[in-house]
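Whenever a hint applies, use it, and build me the whole structure from the sequences.
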Amino acid sequence: MSNASTIVLNARALERTVARMADEIVERADGTDGLVLVGIQRRGVQLADRIAAMILAHEHVAVPRGALDITLYRDDLQTVGPRPIVGKTELPWELDGKIVCIVDDVLYTGRTIRAALDELADFGRPARIMLAVLIDRGGRELPIHADVTGRLVEVPKGGRVDVCVTELDGTDEVTMVLSGEHA
Amino acid sequence: MTAPLGKDLLGLEHLTAGQITMILDTAEPLREISERTIKKVPTLRGATVVNLFYEASTRTRTSFEFAEKRMSADTVNIAIASSSVSKGETLVDTAKNLEAMRIDMVVIRHQSSGAAQFLAERIESNVINAGDGTHEHPTQGLLDLLTLRQRFGTLQGKRVCICGDVLHSRVARSNIWGLTKLGAEVAVCGPRSLLPTAIEEFGVTVFDRIEQAIEWADALNVLRLQLERMQAGYIPSLREYNRVFGVTRERLDRAPRDVLILHPGPMNRGVEIDSDVADGPHSVILDQVTNGVAVRMAVLYLLAGNTPALAEAAKGGDR
Numbered sequence: 001m002s003n004a005s006t007i008v009l010n011a012r013a014l015e016r017t018v019a020r021m022a023d024e025i026v027e028r029a030d031g032t033d034g035l036v037l038v039g040i041q042r043r044g045v046q047l048a049d050r051i052a053a054m055i056l057a058h059e060h061v062a063v064p065r066g067a068l069d070i071t072l073y074r075d076d077l078q079t080v081g082p083r084p085i086v087g088k089t090e091l092p093w094e095l096d097g098k099i100v101c102i103v104d105d106v107l108y109t110g111r112t113i114r115a116a117l118d119e120l121a122d123f124g125r126p127a128r129i130m131l132a133v134l135i136d137r138g139g140r141e142l143p144i145h146a147d148v149t150g151r152l153v154e155v156p157k158g159g160r161v162d163v164c165v166t167e168l169d170g171t172d173e174v175t176m177v178l179s180g181e182h183a
Numbered sequence: 001m002t003a004p005l006g007k008d009l010l011g012l013e014h015l016t017a018g019q020i021t022m023i024l025d026t027a028e029p030l031r032e033i034s035e036r037t038i039k040k041v042p043t044l045r046g047a048t049v050v051n052l053f054y055e056a057s058t059r060t061r062t063s064f065e066f067a068e069k070r071m072s073a074d075t076v077n078i079a080i081a082s083s084s085v086s087k088g089e090t091l092v093d094t095a096k097n098l099e100a101m102r103i104d105m106v107v108i109r110h111q112s113s114g115a116a117q118f119l120a121e122r123i124e125s126n127v128i129n130a131g132d133g134t135h136e137h138p139t140q141g142l143l144d145l146l147t148l149r150q151r152f153g154t155l156q157g158k159r160v161c162i163c164g165d166v167l168h169s170r171v172a173r174s175n176i177w178g179l180t181k182l183g184a185e186v187a188v189c190g191p192r193s194l195l196p197t198a199i200e201e202f203g204v205t206v207f208d209r210i211e212q213a214i215e216w217a218d219a220l221n222v223l224r225l226q227l228e229r230m231q232a233g234y235i236p237s238l239r240e241y242n243r244v245f246g247v248t249r250e251r252l253d254r255a256p257r258d259v260l261i262l263h264p265g266p267m268n269r270g271v272e273i274d275s276d277v278a279d280g281p282h283s284v285i286l287d288q289v290t291n292g293v294a295v296r297m298a299v300l301y302l303l304a305g306n307t308p309a310l311a312e313a314a315k316g317g318d319r
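Chain order of the listed sequences is L and U.
The letter at position 95 of the first sequence is residue 95 when you use my numbering, and the numbering goes up by one with no holes.
The letter at position 145 of the second sequence is residue 145 when you use my numbering, and the numbering goes up by one with no holes.
Derived by calculation from the structure, the hints in this document are not laboratory data.
Okay, derived cross-link-like pairs now, DMTMM-like style, lysine to aspartate or glutamate, Cα gap no bigger than 20 Å in a straight line:
| id | chain 1 | residue 1 | chain 2 | residue 2 |
| --- | --- | --- | --- | --- |
| 1 | U | Lys39 | L | Asp96 |
| 2 | U | Lys39 | L | Glu94 |
| 3 | U | Lys40 | L | Glu90 |
| 4 | U | Lys40 | L | Asp118 |
| 5 | U | Lys39 | L | Glu90 |
| 6 | L | Lys88 | U | Glu32 |
| 7 | U | Lys39 | L | Asp118 |
| 8 | U | Lys69 | L | Asp75 |
| 9 | U | Lys40 | L | Asp122 |
| 10 | U | Lys39 | L | Asp122 |
| 11 | U | Lys40 | L | Glu94 |
| 12 | U | Lys181 | U | Glu200 |
| 13 | U | Lys69 | L | Asp122 |
| 14 | U | Lys69 | L | Asp118 |
| 15 | L | Lys88 | U | Glu35 |
| 16 | L | Lys157 | L | Glu141 |
| 17 | U | Lys181 | U | Glu13 |
| 18 | L | Lys88 | U | Asp25 |
This structure is a prediction, so every number in the text was calculated from the model and none was measured.
So, in C-alpha cells, the structure goes:
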C-alpha cells in the first residue's frame with residue numbers, strides 16, 4: 001500500500017496552499033463583509049479553521065465559521081449498508097444575505113456538495129454560496145465546480161486521495177494512493 | 001466495531017453497550033435539527049411510518065410523530081378507539097393489512113408484554129417498541145440515558161435510583177438494563193408491594209426508605225404512581241404514599257450532594273414528586289422531553305431500511 005502512495009502536498013506546501021486559498025476567497029468575496037466559512041465534516045472543518053486563521057492574519061478580521069454534516073442529506077442512504085455516523089452541524093448565525101464559502105478537503109463526484117447545498121437552503125437564503133476545496137480530483141457526476149481550488153490532481157481509476165490534518169490524523173499531508181484497494 | 005441495530009428495536013435487554021452508545025451518539029447531533037428554522041432533514045423521505053397505539057399516550061406518540069416528521073417520513077396514527085381493532089381484528093391482521101398498503105415502519109404501543117416482538121416476528125417492516133405491557137419502553141430508557149450522560153459526561157460509576165412503582169413499570173425495566181450496561185450503579189426504592197419479588201436478581205440495590213435513596217444517589221428517576229394502584233390495594237392512600245415516598249424539597253435539601261431529578265411523565269404533582277422539585281434547579285424533566293425527540297430520530301435513522309437479513313447478522317453482537 002505505502003509503496004503505491006505519493007505525496008501531493010507536504011505540511012509546508014499545504015500551509016502555502018491554504019494561505020493562497022484564504023486570499024483568493026477574500027478576493028472573490030470582495031472583502032470579508034458578510035463572509036462566513038462553512039466546513040464540511042470532517043476534514044473540511046479543520047481546513048475552514050485554518051483558512052479563518054489565515055484571513056485573521058492577513059486581513060485582521062475574524063470571519064465566522066460553521067460546521068456542516070451532510071450525512072442526513074446523502075442520496076445513497078438506501079444503499080450504503082450500516083448507517084454512517086452522523087456528525088455535528090453548527091451554523092449558529094443567520095445565513096440570509098451572507099456570502100457562504102463551503103470548505104471541503106476533496107472534491108470528487110460532487111454529491112457531497114449537492115447535499116451541502118440542500119442543507120444550507122434549510123438554514124436560510126445566502127446572497128451567494130462559493131466552494132473552496134483543497135484537492136479537486138476530477139470525476140464529477142454532477143454539474144458542480146469549485147470557485148477556489150488548492151490543487152488539481154489527476155487520479156487514475158481506482159486511486160484515491162487522502163487528506164490528513166494534524167487535529168485528526170497527527171500530521172498535515174495530502175497523499176495519492178494508486179492501489180485499487182481501500183484501506 | 002459495533003454491530004448495526006438490526007430490523008427492530010424491541011428493548012434494551014438484548015442490546016450491547018456498544019449499540020446503546022451508538023444510538024446515544026447519533027441522537028446527540030440530531031438535537032440541533034429541532035433548533036433550526038426549518039426543523040426537517042430529508043433522510044426518511046418516502047418512508048411511511050405507522051404509529052399503532054393500543055394504549056392512550058400523548059407524550060410518547062407526539063414525540064415519535066415529531067421525530068418522524070423531522071426526518072421527513074410520512075406518518076399515519078392509528079389509535080385503538082377509532083380503529084377496526086374495536087371490531088375484533090387481531091394485531092397481526094391489522095399489521096398485515098397495513099403492510100399491504102406498503103408501509104416501512106411500525107411504532108407500537110400495546111398493553112401486552114411481548115406484543116412488539118410478536119409483531120416484529122410476523123411482519124417485514126421495522127418495528128419500534130413504544131411500550132409493551134410491563135416489559136420495556138426502550139426509547140424512554142434511551143432518552144433517560146442520554147439526559148443523564150449529558151449531565152454527568154459518563155454513566156460509569158454513577159448512582160441512579162428508580163423510585164416508585166417498579167413492579168408495573170416498563171420504564172424501570174428499560175432503565176435498569178440500559179444503566180447497568182453502561183456501567184451505572186442502579187437502585188430501586190418504593191413500597192415492597194410495588195417492587196418485583198426477585199428485584200435483587202437484576203443486580204440492583206433496594207432501599208425501603210426514600211431518605212436512604214436520596215443520600216445514596218446522584219440521580220433519582222421518579223416513576224409515575226398509577227392512580228389505579230390505590231384502588232387495587234397496592235398502597236393505602238396517595239397522601240400516605242407522598243408522606244413516605246414522595247420526593248420533596250425538604251428531603252432533597254438534606255442530601256449530601258445535588259441530586260438530579262428525572263421523571264418520565266405524566267407527573268402526579270404532590271404524590272410521587274412535589275412541584276418545587278419538579279420545577280426546581282436540579283430537575284431535568286423537560287430536557288428528557290427534548291432528548292426524547294432526538295433519541296427517536298436516531299432510532300428511526302438507524303433502523304430505516306434494515307432488513308431481516310441484517311438483523312440476523314446483527315445478532316452476533318459487539319466485535
